[in-house]
Amino acid sequence: MSFKLKPDRARKYKALLKQYPDKRSLALPLLHMAQEQEGFLSGDTIKGVAELLDIAPGLMMETVTFYSMFYLKPRGKYLLQVCQTLSCSLAGADQMVDHVAAKYNLKVGETSADGRFTLVKVECLGSCGTAPVVQINDDYYEKMVGDKIDRVLDKLS
Amino acid sequence: MTAFKPILTRHLGQPGSSTIDYYLLNEGYRGARKAVLEMDGAGVIDLVKASGLQGRGGAGFPTGVKWGFIPKDTRKPVYLINNADESEPGTFKDRLLINHNPHQMIEGMIIASKAIGCHLAFIYIRGEFVKETRLLEAAIEECRSNNILGKGIFGSDFDLDIIVHRGAGAYICGEETGLIESLEGKRGWPRIKPPFPAIEGYLSSPTVVNNVETLANLPHILVHGAKWFHSIGANPESPGPKLYCISGRVKKPGVYEAPMGTHLDDLIENYARGVIDDRLIKAVIPGGSSAPLLTAEEIVGLPMDFPSVKAAGSMLGSAGIIVLDETVDMVQACYNLARFYAHESCGQCTPCREGTTWLTKILERFTAGRGRMEDIDLILDVADNIGGLIDFSKGSFGKTICPFGEAVAWPVRAFVEKFRHEFEAYIATEAVA
Amino acid sequence: MPLIKIDGQELEVEAGSRLLDVALEAGIEVPHYCYHPALSVVGSCRLCMVEVEGMPKLQTACSTPIGEAPPDRKVDGKYDMVVHTDTDKVVAGQKLVLEFLLLNHPLDCPVCDQAGECGLQDYSFKFGNAHSRFDEDKRVRAAEELGSGVAINQNRCIMCTRCVRFTQEITGTNELYVHGRGYDTKIAIFDGLPLDNPLSGNVADICPVGALLLKDYMHTTRVWHLSHTESACVECSSGCSITVDATDNVVRRIVSRRNDQANGHFICDFGRYSFHKYERSEFKEPMRKTPGSGWEMIPWRQAYQLIADKVAAGGGPGAVKALASPTLPNEPNYILGQFMGRLSDRKNIALLPVTQLSDMEFPGGFRISGDKGGNSRGARDVIPALAASVKALHKTDTGVIIILDGDGRAEMKGDLTRLMAAAQFSVVVACMPSEVTQNADLVLPIAAPYAREGTFTNDQGLVQWLQPALHPPDDVRADWQVVAELGQQLTGEDHLYSYAGDVTWKITQTTVGYGQITRFRLGKLGQFTASAAG
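Protein chains in written order, with the numbering used here: chain A, 1 to 157; chain B, 158 to 590; chain C, 591 to 1124.
Since the hints were derived computationally from the structure, they do not count as laboratory data. Using N, Cα and C, we set each Cβ at its ideal position, and we do this for glycine too. Take these hints with a grain of salt, some might be off.
Claimed, not checked - List of simulated lysine-lysine pairs, DSS-like, C-alpha gap at most 25 angstroms:
1. B:Lys-518 <-> C:Lys-776
2. C:Lys-685 <-> C:Lys-647
3. B:Lys-343 <-> A:Lys-47
4. A:Lys-73 <-> C:Lys-776
5. B:Lys-233 <-> A:Lys-107
6. A:Lys-4 <-> B:Lys-233
7. B:Lys-408 <-> A:Lys-18
Stated by the list, open to error - Some chain B residues judged to face chain C by a derived CB distance under 8 angstroms, without partners named:
8. Ile-349
9. Cys-503
10. Gly-504
Using the sequences plus the hints, can you model the full thing?
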């Protein structure tokens, strides 16, 4: 299956093309859009993005694999990214990871059997004042102490 | 001290503080208007030089001087990039500024653009800040429909547009040439300098990269003047208001605005309300995780400004203060940070690519109870081999293209040197067990 | 011009030169991996660090440009830069980089093709430590195929990225890229887009360690058993400088040799692997076609006599036609032109046609010539009375036709087929079977390309010396010798040449544009003809 942006995103891409002084600079915005649309970045998607930007697929892959937010494989419906860097760790992030892992019976890096949750540990999310922090898809959930994480997770369908 | 009223965060918590209507009602865009309508670029640069404003991203380089490096006679476009790739562990001030008052920062960008002759500016925001990206895009749209951005802003002949550009998860893109590479759609491998970005930056054009907080200061300097700004704080070499991020084992972590030079122990005790359960402080990281930590004794009466912290053997950096109390396991903490740096090393330079993971592996072995006495000196040596010795009086001795090598070497060295006994104890206790 | 001092050696250098280039040119060894003179500077391996007076940090020599210092900043009042490459600080710096590079290296030198010519071995031996302090698990990765000709041993890679820059900057094909980040970075190809461009083999040449390997050479020999012969490639008219590596009188591999007058740093894969073509059964002795269309071996003397008889029977010397070879050196072509001139006033000699394609040019400036003759320009230079085409030889009756086929690169078609059909007797001088030899009445064997000696002139007019890397079979003779003996037989005049260089000397005495060329001056890099230089 070759990659194609859906109409609203294609329009957005066209608008960005006019704004930016250079085509290759659109790599990150376009990859974000492609990942939003497809859920992850398959080889075909990356090739499609490379074609749009007139660069070799290898160079596109170089960009993709450098950044931690681009995923080459499908993820669960909810991507649970628990910050594990110092301030969050001091505030109990490690316990939160263990708790979530036990709750859904999965290991760090895995997706739950029902495909709902993928649990990953990430490095500093830049929210150290409200540690511990978990980012679920696009949103930050801060000060996730005690059973607060449960209340958040239980609301997710 | 009590006389100080917040400047950058004065609208914090006010309903609607992120909207342009609120901002305009509260004298917003007066500074930008002045810069665009009444001043020329050189005038703005001179004003900011006179104010003594130093970059708030970490290096503390004088902002006006940085702008002055842009060639006057360039025929290439000049770019301003607002560095909102806030990723230094312990730092969370820029996100706050964006969320609560995006227009203050955008106004700063207009002023900076006027100073350097930029007509297309970027906000490079870290990829995880999705909500903040949307907020900024909305704020920019508001500006466009109010003739604050776009063609002939404020009715002048000055054009400026701003693009919000999201990163995708890479600490190194906070380094300005890594950021520029990333903006160009590449992996964020920092560039060899020279050429410096002011000569050849984004798309080989002259480029200035300024931090969010730096830019947020500009509207106030334009309105109240250089003298006013210069008088804020105790140290005339490092003036202005400062956002201090306090996290770790304190009762009330958060971002606090105080005059530059506010004492570190004062910030911890009186702003962050002291240590959890009134425990003792073991050490404090004063300026983001790259800054060598200071012991409880070293922080007493330490003015938190660029020269004073440097003189104390660390750096103000991003003013990300992480408080480690007496119960913190320093070996674990050191491992935690080493792992962060290993994860974020871009992989370009040999010492950093190989060394950060080597350090992490040794430290991991420690935490697993398999540390050896000779490893302690090995850690110090590997750290030196990545980042060079810490000798602030003699300048930087980094062994890599960008300062990342130093950013990992210095804190690791400080942990081991200042808390060597904890590393030794780890070996003793675990070996017996 | 800036005046600098490196390790006490005073040097006056072009402003803007790179410190590393200057040091290397002055014979000062500064170890380096990521730097390659044909590629952009990245300064990432950190090995070429030197101490520059006045700078607290060690500087990477590759990324340090040399310029005029302002008068008040000159060292000792006159030097624009003073550099030390052997201080304790520099040595310590080199040691630490080498230690880092060896942490994860498998140290599998005994089975590594690069062993013996490896940057890691050489620099570790000279500058490194004898033992490793790394006591953790090594990073282990599987070897991968990158393309039909090249494989990568990921564990040996030091991430210098020369190969990636090669496919970005030289070929513009972008197959290779850096995958991942930090400790996990590796060289990779995009799935389904292998490294298969016409210059791909160069990545193995420029790899400073044993990571990138030519599959063709893999586990073939130990490099220290190879004899290295500096020669030129004869496969097209670009005339790339090469080193022919052989053992046991067999070519094992061909690698690029830097020549800024010709190919620069690289060679193409056609040239690199061309030696395999000549591994097919070579001719061992003169052979005549027998009535049953089989072949009969005959002694040289008998072969020459046979030709003389056929000339006498077939219309005499004026009916002898000849085709000079664009794939053979100047020497046999020159002799052929000379004796044909003796036989007749007519322009009875033309150039054997070979494949002509359009040139293939790459973004980095490398060019593969479309003229697959290799020495077409040289043949034209040394034969003054050359007919315009093979067709022109048809105008008169053909008795004996002498064809220098060289490497069998001519296509049997059109005018060539007609000419051979019209001839009463055809003699083909060749090293191995081809369509042309199939149609011959007599074949005179000569040495194959890598056993040849003489001059080649590329399409830019650069004359290079072909140095033989192999010995031909016992009864096979040098191309110039065969043609000279044939001329002697037909003209009755002794040829007086005792080795290829005698012919070369004669060429330089009589050929326009070749006057200043001597075997000595040709050296390893060649000389342009006067017409090319002008």
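Here's how the hints hold up against the structure:
no.	hint	in the structure
1	B:Lys-518 <-> C:Lys-776	holds, 20 angstroms
2	C:Lys-685 <-> C:Lys-647	holds, 16 angstroms
3	B:Lys-343 <-> A:Lys-47	holds, 15 angstroms
4	A:Lys-73 <-> C:Lys-776	holds, 19 angstroms
5	B:Lys-233 <-> A:Lys-107	violated, 52 angstroms
6	A:Lys-4 <-> B:Lys-233	violated, 35 angstroms
7	B:Lys-408 <-> A:Lys-18	violated, 49 angstroms
8	Ile-349	holds, 5 angstroms
9	Cys-503	holds, 6 angstroms
10	Gly-504	holds, 4 angstroms
Against the hints set out earlier in the document, violations occur for numbers 5, 6, 7.
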